[in-house]
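Student: Sequence:
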Amino acid sequence: MLVQGSGGVSVVALQMARMMGCRVIATSSSDAKLERLGALGAEHLINYKTHANWGEQAFELTGGAGVDLVVEVGGPGNLPQSISALAVDGCISLIGVLTGWAGEVPTAALMTKNGRLSGITVGSQADQANMIAAVEAHDMQPVIDKTYPLAELTDAFRYQESQQHFGKICVSL
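Here the numbering used here is used: the sequence shown runs in plain steps of one and ends on residue 256.
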């Protein structure tokens, strides 16, 4: 499995994947954040700022098999690299659009790998109940970077935009 970055979605995906025994490759633009992702259980770490072809590197780290699942938080701008990392019959779960809402989908590359691109917005109530049960059963702890009072919501968004956070940014009511 490949997770991108160190925001809340990617960190939870990493934690849940490790909880299920998956081997995880993580990417980030920061070596310090990569170190923290490694401490959470990522087996391989790729700095995408220093490795422009990070998808190819992820593919090679699997011994040429590719990853079965990519948790895609970057969006259309990342798809060529994510497809490069993908295994035959693999799936890219598109849950973020940090590179923008619109963009080209390299359909030929995706088809060559018989890959699937699946959009995710929210799950069902049953999915949430199952996730909560798994989190409780494995005593998974959330990674919370900062908590802001509601009155400082604008500051919370600014902090998120700065991309300095690791894990979740919370707002207290």
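Please note that a few of the clues may not be correct.
Stated by the list, open to error - Subject to a maximum C-alpha distance of 27 Å in a straight line, what follows is the list of computed DSS-like cross-link-like pairs (lysine-lysine):
hint, residue 1, residue 2
1, 132, 229
2, 132, 251
3, 251, 196
4, 251, 229
Hints in this document: simulated from the structure, not taken from any laboratory.
Student: Next, verify each hint and record whether it holds.
Tutor: A quick look at each hint next to the structure:
no. : hint         : verdict
1   : 132 with 229 : 25 Å, holds
2   : 132 with 251 : 23 Å, holds
3   : 251 with 196 : 33 Å, violated
4   : 251 with 229 : 7 Å, holds
Of the numbered hints given earlier, the model fails hint 3 alone.
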